[in-house]
Amino acid sequence: MRRYRFAPSPNGYLHLGHAYSALLNARMAAETGGECLLRIEDIDQGRARPEFEAAIDEDLAWLGLTWPKPVRRQSEHFALYRDAIAKLEAMGLVYPSFESRAEIAALVADKERDGTAWPRDPDGAPLYPGKRLDEITTQARIANGDAYALRLDMAAALKRTGPLTWDESGSGETGTIAADAARWGDVVLARKDMPTSYHVSVVVDDAEQNITDVVRGQDLFHATAIHRVLQTLLNLPAPRYHHHRLLRGDDDRKLAKSEHAKALRALRAEGVTPDEIRRIV
Numbered sequence: 001m002r003r004y005r006f007a008p009s010p011n012g013y014l015h016l017g018h019a020y021s022a023l024l025n026a027r028m029a030a031e032t033g034g035e036c037l038l039r040i041e042d043i044d045q046g047r048a049r050p051e052f053e054a055a056i057d058e059d060l061a062w063l064g065l066t067w068p069k070p071v072r073r074q075s076e077h078f079a080l081y082r083d084a085i086a087k088l089e090a091m092g093l094v095y096p097s098f099e100s101r102a103e104i105a106a107l108v109a110d111k112e113r114d115g116t117a118w119p120r121d122p123d124g125a126p127l128y129p130g131k132r133l134d135e136i137t138t139q140a141r142i143a144n145g146d147a148y149a150l151r152l153d154m155a156a157a158l159k160r161t162g163p164l165t166w167d168e169s170g171s172g173e174t175g176t177i178a179a180d181a182a183r184w185g186d187v188v189l190a191r192k193d194m195p196t197s198y199h200v201s202v203v204v205d206d207a208e209q210n211i212t213d214v215v216r217g218q219d220l221f222h223a224t225a226i227h228r229v230l231q232t233l234l235n236l237p238a239p240r241y242h243h244h245r246l247l248r249g250d251d252d253r254k255l256a257k258s259e260h261a262k263a264l265r266a267l268r269a270e271g272v273t274p275d276e277i278r279r280i281v
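Heads up, the sequence shown is in our numbering, so the first residue is 1 and it goes up one at a time.
I should point out that these hints are in silico values taken from the structure, not numbers from a laboratory.
Mixed in with the good hints there might be a few duds.
To be verified - Distance windows between CB atoms, simulated:
| hint | residue 1 | residue 2 | range |
| --- | --- | --- | --- |
| 1 | 160 | 121 | 30 to 38 angstroms |
| 2 | 105 | 139 | 23 to 31 angstroms |
| 3 | 165 | 117 | 23 to 31 angstroms |
| 4 | 237 | 141 | 33 to 41 angstroms |
| 5 | 125 | 83 | 25 to 33 angstroms |
| 6 | 116 | 68 | 47 to 55 angstroms |
| 7 | 57 | 114 | 50 to 58 angstroms |
| 8 | 208 | 167 | 17 to 25 angstroms |
| 9 | 103 | 156 | 20 to 28 angstroms |
| 10 | 76 | 156 | 25 to 33 angstroms |
Claimed, not checked - With a straight-line Cα cutoff of 27 angstroms, these simulated DSSO-like cross-link-like pairs (lysine-lysine) come out:
| hint | residue 1 | residue 2 |
| --- | --- | --- |
| 11 | 131 | 159 |
| 12 | 159 | 87 |
| 13 | 131 | 111 |
| 14 | 192 | 87 |
| 15 | 87 | 131 |
| 16 | 192 | 131 |
Just so we're clear, the structure is a prediction, and the values are computed from it rather than from any experiment.
Quick reminder that beta carbons are idealized off the backbone N, C-alpha and C, glycines included.
Sequences and hints are given; from them, build the entire structure.
Structural data, given as structure tokens:
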């Protein structure tokens, strides 16, 4: 059976972009005789709120969507994500970095003083400009209580995996896509105050839930390269991918909670009906 999932974060109210993704996942599952799951991606406990999770249930029920119970919450599976990172550490592919965001920005600025642009990842953030410290220095800083991030040594990881691809059927480039994970540099896998990252938790959860088809926004298209690396290193299955178009506002920017996109509950209060929302898919 083909399995899909809609996986919102409870750090704000759902908007039209979320409705589009949820409805599309449900429609594709129905068309293939499959099943669609709801997953709550709440690894960021500092921003997750019970009222937002309750609103997710309310909004999806208003749209006429139902899900198998119980719903998976990432915050209940931190041990699984730690185990995955431990496997990568055992391969020698993980190292701590100790620079703050401000220190990283300063390092990048220093490297760009000659007018040469420091490389950026597909999201526009500069690649990590630091270096892996020796073991004695690393352990001393950890023992001292210094804040750190655990990073994947991407060059070493790609030597292990070799070239990778994924199967894509979305709204942009389709077919067999080359996974160019090197463009992301040494991505963060966890931080001292957060035991996992989106990249680790999503590949572990998709494997644990037997997800065969990942249907999500085009903004995550390039991040799939990271996920293919982690899936291969951790011996996890590779789903099919479908990155759908992003809904945009009047200013042509994608709808986002951080940009205060109008929430579904606000549209409902204005008299918009579920049938009107469903017509966007």
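Hint check results:
Against the hinted window of 30 to 38 angstroms, the Cβ-Cβ separation of residue 160 and residue 121 comes to about 21 angstroms, which falls outside the hint. The supplied range of 23 to 31 angstroms is met by residue 105 and residue 139, whose beta-carbon atoms lie about 27 angstroms from each other. Hint check: residue 165 to residue 117, Cβ distance near 29 angstroms, so the stated range 23 to 31 angstroms holds. Between residue 237 and residue 141 the beta carbon distance is about 37 angstroms. The supplied range of 33 to 41 angstroms therefore holds.
Against the hinted window of 25 to 33 angstroms, the Cβ-Cβ separation of residue 125 and residue 83 comes to about 28 angstroms, which satisfies the hint. Here the CB-CB span from residue 116 to residue 68 is close to 53 angstroms, well matched to the stated 47 to 55 angstroms. A C-beta distance of roughly 54 angstroms is found between residue 57 and residue 114, which places it inside the suggested range of 50 to 58 angstroms. In this structure the supplied range 17 to 25 angstroms holds for residue 208 paired with residue 167, their Cβ-Cβ distance being about 21 angstroms.
With their beta carbons about 24 angstroms apart, residue 103 and residue 156 fall inside the hinted range of 20 to 28 angstroms. Taking 25 to 33 angstroms as the suggested C-beta distance range, the pair residue 76 and residue 156 conforms, at roughly 32 angstroms. A C-alpha spacing of about 18 angstroms is found between residue 131 and residue 159, which places the hinted pair at or below 27 angstroms, so the restraint holds. Proposed proximity of residue 159 and residue 87 is supported: the alpha carbons are some 17 angstroms apart, at most 27 angstroms.
For the hint linking residue 131 to residue 111, the alpha-carbon distance of about 13 angstroms falls within 27 angstroms, and the restraint holds. A C-alpha spacing of about 18 angstroms is found between residue 192 and residue 87, which places the hinted pair at or below 27 angstroms, so the restraint holds. About 22 angstroms separates the Cα atoms of residue 87 and residue 131, which keeps this hinted pair within 27 angstroms; it holds. Under the criterion of a C-alpha separation no larger than 27 angstroms, the hint pairing residue 192 with residue 131 is consistent with the structure, at around 18 angstroms.
Going down the numbered hints, you'll see the structure goes against just number 1.
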